[in-house]
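Undergrad: Chain order of the listed sequences is V and Z. Counting in the working numbering, the first sequence runs from 1 upward without gaps. Counting in the working numbering, the second sequence runs from 313 upward without gaps.
Misleading hints may appear alongside valid ones.
What the hints assert, rightly or not - Cβ pair distances, simulated, as ranges:
| no. | chain 1 | residue 1 | chain 2 | residue 2 | range |
| --- | --- | --- | --- | --- | --- |
| 1 | Z | Leu344 | V | Trp89 | 27 to 33 Å |
| 2 | Z | Asp365 | V | Val37 | 53 to 59 Å |
| 3 | Z | Leu580 | V | Glu167 | 50 to 56 Å |
Said to hold, decoys possible - Residues of chain V placed beyond 10 Å of chain Z at every Cβ, according to the derived structure:
| no. | residue |
| --- | --- |
| 4 | Ser22 |
| 5 | Leu58 |
| 6 | Asp82 |
| 7 | Phe92 |
| 8 | Tyr97 |
| 9 | Gly264 |
The hints are simulated quantities; they were obtained by calculation from the structure and are not laboratory data. Yeah, the Cβ is synthetic: ideal placement off N, Cα and C, and Gly gets one too.
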Amino acid sequence: MTHPTDHDTVPTRPLMNQPRLSMRMRSAVWVWTFLAVPLVFYVVIRFYPTFNAFWLSLTDWDLMSDAEFIGLENYRDMFADDDFWKTFWNTFEYLIYGTPTSLVIAFVIAYYLDKVRFAHNFLRALYFMPYITTAAAMAWVWRWFYQPAPTGLINGVLGEAGIGQIEFLKSTTWALPSIMVTAIWAGLGFQIIIFMAGLRAIPDTYYEAARMDGLGEWAILRKITLPLLKPTMVFLVVFISIAFLRIFDQVYNMTTNDPGGPLGSTEPLVLMIYQTAFSSYDMGQAAAQTVVLFTILLVVSLLQLWVLRERT
Amino acid sequence: MTATADIRERRMRDIRPGRIIRWTILFIGGVLMVTPLLYMFSTSLKTPGQIYDLRLIPAAPTLANYVEVLSEGEFPRWFLNSSIVAIVVTASNLFFDSLVGYTLAKFRFRGRRLIFIAILSTLMIPTEMLVIPWYLMSAQFGWLDTYWGIMFPGMTTAFGTFLMKQFFETVPDDFLEAARIDGMNEFTIWWKIAMPLVTPALSALAIFTFLGNWTAFFWPLIVTTSKELYTLPIGLTSFAVEQAIRWEMIMTGAALATIPTLLVFLALQRYIVRGVMLAGLKG
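Bound conformation, chain Z alone (with noise of 0.2 Å):
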């Protein structure tokens, strides 16, 4: 009783003009930014001859766009590719990143720490340097152009085991002697012990890997070269470029590409801000 009084007085203590405006003016400014977004999903229920009319409620919005786009585009197939790429090098991740993040952290054994040292240092290579020769390395396998190709760069990495390996520091290693006396063997105790006591930061690992993915840019860019193997954001900028001055098509393309993420992200707010807040501890 006496705690919801107090917070129904801290509410009332709340309410001041100071924190009012305050509050304005955050909104307003969360607002303009999502302005591009709002904007973006406004063009592309313009017709064509709608666009010069800048407001931001069209006068007849129509999906005729979104028809157009979808049935003579390479939109599905490229959403298609993008959720091969991003479903399986998460799903990759998820598994190697936390094997290894396990082993550093749960087990002593020599060249632990050499090890360690030697996958924290590739943090410190961009992937720009790496590119070149990953070309060349897929040119010589016959990788360029397919979804390996795409892919391989990201099957496990440096953050994700870094990640991983803080948080099994936490799992208390009396769980995992149990189960050993249990007779389990080592495979068993990490995914069936180990595994469910780090949830929020696989979670967190997931949407990151995801999202990375699905948005990534500079790689797909080089190692495709057939319109049947473009991700999303490189069909999108061809398809943006052939469109040339048709806002209307390109809005709806981009709009196309975001509303996956946008989707993604209404469903797990929760979980992708405590996610970047942990990676961003952490890491």
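Isolated chain V, as found in the complex (with noise of 0.2 Å):
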């Protein structure tokens, strides 16, 4: 990489030599001066506990007495319980019915929100206002919604319409959707804000162009709009099915009583990875449930790597 004046100036390249290298080595300090604690704090908090954390999947431990190496132990109990395999499928209940629905009405509120222009701002902040809520706490407000009548706001309005009762939270089939509303609920704001950047991204001359061909509405989004989306789709399906693999806060929040309940229904993996660790205290078999939750979470990551390079 030297450059060829280099060459030309041989009688004063010693000299030229002397400073420039001493340049670079108080670079160098300056630079490993300034990662030196980044660094330390990120092979502590980060890499050690990764590796510790994959280390403890491999052994029994109840933080009493030594911890003790079980090979793949932990793995093969987790695979034959079938609260494990409950809890695995409950979580991707969230994932299946949750992700779709919460791109379809984030895209149309963003496709109709972009498209107007009175009080727009006004609009859009009571779109995105419960993103920056409390999640803990809006559970709580919606916990309180799905109470039964008379304290339940939605049984009271299907009371009133002349509907049964619906037991939201104590009934196997029902808690598991009523929990997934308040997730979703929780994070249409933020989405519809990076569908409405995605909109934003797209020239103009693009949509002028397709009107000049005469293409209308419908077909300028299904041929302009929704391809051009495709990145913003994608980060955010991967997005969003993160969220859902990690739900913890609302389940949580609305099923204190019963963790997980009814009857475990609503339980998703991380909720049982704390119960596993922080009630139970059994830190091995903890570990390999997370292992389990970080290689989905990998795959899911890793699909949108190749989903993405396919694309270009």
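Put the complex together from the two separate chains, hints included.
TA: Here it is, written out as structure tokens:
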């Protein structure tokens, strides 16, 4: 990478090299001074714990006695445990129903909101506001909404409409969707904003050209808007999926009397991890569960990279 | 003149039945979105006897619940704890994320790519996987049930570092070179020259980190055991469990936990929305 002029100025080279070298040295000293504390942090707080989690997943440890290496027994126990599979499928239920629902609602709102000029910021604020609230607090508000009449708002409305009562959080069929609705509601604001950013990024000239070609609103949506939004969609699908795979705050707060209940029907993986580690103090088993969660999240992230790579 | 006439003409064109219906539907949707918030505040202003009256506007609004929660409960303490945690972690991220982001963006050195990839790879590691080792570490070093225990996992993040690196890359090298020739040291160049040029990114990062830590639940739930150390969300959960079916009290607690973030949002709405867009596109 030597510059050609370096060769033309042979006599001055030793003189020029001296300060240049020390400048590079000085720069290196600054670099490592800047990076020292953060690098120690990353090693101690991120890398070491990651390996530690893998190691713990191969041990039997209740915090009282010493950790005992047991190989893959935690994994064997876990995969043979019906409760684990129930939790596993619960988590996927949140993901499979929650993700498309969130995506479609967020897109429709963003698509129309983007076209609105009158009181645009006000409308946007209404949709965005739930996103910045505390999940734990809002879970309690929704929990109150879901109470039986006369306490709960939704059952109150259903009662007045002459429809029967629904035991939202006490029924094994209704509890999971009820909690999922809370989580969808909490995330929509973010997704709408991201969709609107994606819509703004599409150059107007594309639309103008399409209109000149006589394409209608639907055709423009199908042939221009949606294909060009693909990166945004992929990002959001992954982002929302990860959020649902890690769902915890809402479930924990909406089922405090019977965590993950009724009958474990709402329990997601993270709640299972929490209880295995901090109620049963079975650290090895809990670590194995976190490894499973990590693997699922890794697969989802790699899928994103794969889908995006295929595009280009 | 023509421009304003043009705008007026466009406004007129905008007012068509289809648009009015669309706006109205969007407005109703927006109101539905904030309904939980409205009902939370409404119920927090009701007496126990009124909570079965599901009208949004309380018949006789009262602040008695707030007085009771704030005087008897530990809410002021939790509020203080959340503030300390969120402010310290935010300050730390603004400093370290931008320092590392700047170094990775503006210096050429051996191992630069490796360090960048190593930091970025930590984005793949979910918090849930780290909490058990963090917990054991905290138990060993006596960090359980301390402010430091709540804060240490978030002191710098790969997301913030990546965001800041992206922005520092847009800062022209000439600016930094000029400062170097003026004899400024590298730290001063970063702090005095580069940092002011990325304030939009810094404000986005600050807002995200603050809100993220203010609303954080999982780790604070694990690491805190005494009520004096609870952050607001954890305190609220324990408070709500204690209150059982006193919904007006629970709603008051929820409102107290939510009001600060809503105030931040109302004050900084434009920056927050822009920040989400920035982070979403760059992150």
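Undergrad: Confirm or reject each hint.
TA: How the hints compare with the structure:
| no. | hint | verdict |
| --- | --- | --- |
| 1 | Z:Leu344 to V:Trp89: 27 to 33 Å | holds, 31 Å |
| 2 | Z:Asp365 to V:Val37: 53 to 59 Å | holds, 57 Å |
| 3 | Z:Leu580 to V:Glu167: 50 to 56 Å | violated, 41 Å |
| 4 | Ser22 | holds, 14 Å |
| 5 | Leu58 | holds, 13 Å |
| 6 | Asp82 | holds, 22 Å |
| 7 | Phe92 | holds, 16 Å |
| 8 | Tyr97 | holds, 20 Å |
| 9 | Gly264 | holds, 19 Å |
Taken one by one, the earlier hints fail for this structure only at number 3.
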